[in-house]
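Here are the chains, one letter per residue:
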Amino acid sequence: GQQLNQSPQSMFIQEGEDVSMNCTSSSIFNTWLWYKQDPGEGPVLLIALYKAGELTSNGRLTAQFGITRKDSFLNISASIPSDVGIYFCAGQSRDSNYQLIWGAGTKLIIKP
Amino acid sequence: GAVVSQHPSWVICKSGTSVKIECRSLDFQATTMFWYRQFPKQSLMLMATSNEGSKATYEQGVEKDKFLINHASLTLSTLTVTSAHPEDSSFYICSATETATNQPQHFGDGTRLSIL
Chain A
1 GQQLNQSPQS MFIQEGEDVS MNCTSSSIFN TWLWYKQDPG EGPVLLIALY KAGELTSNGR
61 LTAQFGITRK DSFLNISASI PSDVGIYFCA GQSRDSNYQL IWGAGTKLII KP
Chain B
1 GAVVSQHPSW VICKSGTSVK IECRSLDFQA TTMFWYRQFP KQSLMLMATS NEGSKATYEQ
61 GVEKDKFLIN HASLTLSTLT VTSAHPEDSS FYICSATETA TNQPQHFGDG TRLSIL
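So the protein sequences, as listed, match chains A and B.
Note that the working numbering has the first sequence beginning at 1, numbered continuously upward.
Note that the working numbering has the second sequence beginning at 1, numbered continuously upward.
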């Protein structure tokens, strides 16, 4: 089915570094969501974006809803070991009946 | 807030057994619940959308007689994998939302199903 283009696929970083990942789509979305999934658990909502251009922060996390409504990025500042996991973007729109359209995920690994 | 509880977290059973998985919204009323399946190293694949009091809507390729969904109340939906076989082994995750529109989905912790 339809999927968002999420990059990078994986990131190997040092603790303390900043992280940036993004998602793009050929379709317009009304809502962009960013989730984090730890192994063996369900995704946890990090940030929800509802307006084009919206910039929202949640602690060390910052996400933006692109002006064109076709993209979004997530930044993590000063990474710590518990940031390890898989980050998924997801879009919602009326056209998809508000079902979530998922990116393939970005696996974040922090080098000791 | 917005806590979704999924039970059991892990099931191991013999081929031919039927397995029921429960999904509960603990602190909100879930008009709509979703059931997903996730294969290793992949994102979530939607199986069906369930609205309280009505029949579930299944995605293409998902057998509704195989995966029975019941959403009898605003806080509980169940997925029953009937006559499970090894190929049904997977990670099943539910999510819930207060409305069917522009609200984020909140996810349960998933159920690891292993069929021997």
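It is possible that some hints are incorrect.
Quick list of simulated restraints, FRET-style, between CB atoms [unchecked claim]: (1) A:Ala78 / B:Ser83: 29 to 37 Å; (2) A:Gln14 / B:Pro40: 22 to 30 Å; (3) B:Glu59 / A:Thr24: 40 to 48 Å.
Only pairs whose alpha carbons sit at most 20 Å apart, straight line, appear in this in silico DMTMM-like list of lysine to aspartate or glutamate [claimed, not checked]: (4) B:Lys20 / A:Glu15; (5) A:Lys51 / A:Asp83; (6) A:Lys111 / A:Asp18; (7) A:Lys107 / A:Asp18; (8) A:Lys111 / A:Glu15; (9) B:Lys41 / B:Asp109; (10) A:Lys111 / A:Glu54; (11) B:Lys41 / A:Asp18; (12) A:Lys107 / B:Asp109; (13) B:Lys41 / A:Glu17; (14) B:Lys66 / B:Glu98; (15) A:Lys107 / A:Glu54; (16) A:Lys107 / A:Glu17; (17) B:Lys41 / A:Glu15; (18) A:Lys70 / A:Asp95.
Rather than coming from a laboratory, the hints here were simulated on the basis of the structure.
For every residue, glycine included, the Cβ atom is placed at its ideal position computed from N, Cα and C.
Earlier hints that do not hold, by number: Hints 1, 3, 4, 5, 10, 11, 13, 14, 15 and 17 are the ones this structure does not satisfy, whereas the remaining hints hold.
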